Amino acid sequence: MNSDAVAGSDVAARPGGPRAIVMGHGDFAVGLISAVDQITGRGRLLMPVAVKQLGIEDIEALLRKEMLASGVRVIFTDLQAGSCTMASRRILRGMEDAVLIAGVNLPTLLDFVFADTLPPVAAALQAAEKGRSSITAVGGSAPK
Amino acid sequence: MTLELFRIDDRLIHGQVVVGWGQPLGLKFIVLVDDAVASSDWEQELYRMGVPPEMDVYFHDVGTATARIPEYRSDPRAGLLLTGDIATMHRLAERVPLVAVNVGGIHSRPGRVQRLRYVFLSNDEADELRALAAHGVKVTAQDVPGARTVPLDDLLNGKDDL
Numbered sequence: 028m029n030s031d032a033v034a035g036s037d038v039a040a041r042p043g044g045p046r047a048i049v050m051g052h053g054d055f056a057v058g059l060i061s062a063v064d065q066i067t068g069r070g071r072l073l074m075p076v077a078v079k080q081l082g083i084e085d086i087e088a089l090l091r092k093e094m095l096a097s098g099v100r101v102i103f104t105d106l107q108a109g110s111c112t113m114a115s116r117r118i119l120r121g122m123e124d125a126v127l128i129a130g131v132n133l134p135t136l137l138d139f140v141f142a143d144t145l146p147p148v149a150a151a152l153q154a155a156e157k158g159r160s161s162i163t164a165v166g167g168s169a170p171k
Numbered sequence: 027m028t029l030e031l032f033r034i035d036d037r038l039i040h041g042q043v044v045v046g047w048g049q050p051l052g053l054k055f056i057v058l059v060d061d062a063v064a065s066s067d068w069e070q071e072l073y074r075m076g077v078p079p080e081m082d083v084y085f086h087d088v089g090t091a092t093a094r095i096p097e098y099r100s101d102p103r104a105g106l107l108l109t110g111d112i113a114t115m116h117r118l119a120e121r122v123p124l125v126a127v128n129v130g131g132i133h134s135r136p137g138r139v140q141r142l143r144y145v146f147l148s149n150d151e152a153d154e155l156r157a158l159a160a161h162g163v164k165v166t167a168q169d170v171p172g173a174r175t176v177p178l179d180d181l182l183n184g185k186d187d188l
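Those protein sequence lines, which keep their order, are chains A and B.
Residues in the first sequence are numbered from 28 upward in steps of one, following our numbering.
Residues in the second sequence are numbered from 27 upward in steps of one, following our numbering.
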């Protein structure tokens, strides 16, 4: 459960390669990246990681491997309570050059893939704010 | 209300627990019994951040959990007790009477064989579940509330949805 294998690496994100990993329950990551690609044609900037049937230690091992192979330092996950988020937080512990964004939505990723002049971590932080403010309720009424 | 569910889940606190069971049961607290987590402030903070602010999480090793379970059972709120492995739940069952245990998720690892979509067991772990049942505990498997409740025999024989 230590992050040494990743934190000790000076691997940087490959030019033209993915700038972030997207993880979540079921087919969440693949579906979200598919939507990003359909809208922007920039789905290649995001790498889906599926964790079906994996225990927490195997999720950590898989994520560590993907981060080492790609040099990616940005992780988007679907749910704060999710096992992907838990695994990511363990790996990113002590990594000052990496960021985890939990609770990602489509507007977040759309902003991220267009912010390609910013370093990935800065782009992710900006995108998180965009995603946070993008939820709108239309109609309905509050319960009495 | 009381401890509504005693669950074995190697992911401990995660989406299925907090949302999948938490919403329909109206859970207000989780008792996480794990010797390693109970001795690590950092691990406790990690899991605490995974639950909504209105839900409490209490961390115990098996010894302190044994002493506190009567108190949790008389709590007016709905709660869930969680262990990350069968052995920990078995140790609890040897100290405190348990009525039922839910096997919610034990994932693939070398030496384990898949029994259900979400349960992989070694032979020793299968024996430990039998031993748990021998204490008079009703052992079933069910990952989320809408799924079929799988009796122990079917679980051990892999009779479900593989």
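Careful, some of the hints might be misleading.
[Claimed, not checked] Rough simulated footprint, nothing fancy, chain A against chain B, three-plus residues with beta-carbon under 8 Å: (1) 30-39; (2) 72-83.
[Unchecked claim] To give a feel for the contact side, a few chain A residues facing chain B, derived at Cβ under 7 Å: (3) Ala77; (4) Gly82; (5) Ser97; (6) Gln107; (7) Arg116; (8) Leu119; (9) Gly121; (10) Met122; (11) Asn132; (12) Leu133.
Since the hints were made in silico from the structure, they are not lab data.
Computed from a prediction, not measured in an experiment: that's the story for all the values here.
Glycine included, C-beta positions come from ideal geometry on N, C-alpha and C.
Hints, one by one, checked against the model:
1. Three residues within the 8 Å Cβ limit are the bar, and the stretch 30-39 of chain B against chain A gives 4, so the coverage statement holds.
2. A count of 5 residues in the stretch 72-83 of chain B with a Cβ less than 8 Å from any Cβ of chain A is obtained; the coverage claim is therefore met, three being the minimum.
3. Using the Cβ-Cβ criterion of 7 Å, the hint placing Ala77 (chain A) at the interface with chain B is not satisfied: the shortest such distance is roughly 14 Å.
4. The closest approach between the C-beta of Gly82 (chain A) and any C-beta of chain B is roughly 3 Å, which is under the 7 Å cut-off, so the hint is satisfied.
5. Hint status for Ser97 (chain A) relative to chain B: violated, with the closest Cβ pair at about 24 Å, above 7 Å.
6. At a threshold of 7 Å, the smallest CB-CB gap from Gln107 (chain A) to chain B is about 6 Å, leaving the interface hint in force.
7. Look at Arg116 (chain A): its Cβ gets to within about 6 Å of chain B, closer than 7 Å, so that hint holds up.
8. Annotation: interface hint on Leu119 (chain A) violated; nearest CB of chain B at approximately 11 Å, more than 7 Å.
9. Residue-level restraint check for Gly121 (chain A) is violated (minimum Cβ-Cβ distance to chain B is 11 Å; threshold 7 Å).
10. A hinted interface residue such as Met122 (chain A) counts as satisfied when its beta carbon comes closer than 7 Å to some beta carbon of chain B; here the least separation is about 15 Å, so the hint is violated.
11. Annotation: Asn132 (chain A) was flagged as interfacial toward chain B, and the flag is violated, the nearest CB pair being 16 Å apart, outside 7 Å.
12. A distance limit of 7 Å between C-beta atoms decides the matter here; for Leu133 (chain A) the minimum to chain B is near 19 Å, and the interface restraint is violated.
The earlier numbered hints that this structure contradicts are 3, 5, 8, 9, 10, 11 and 12.
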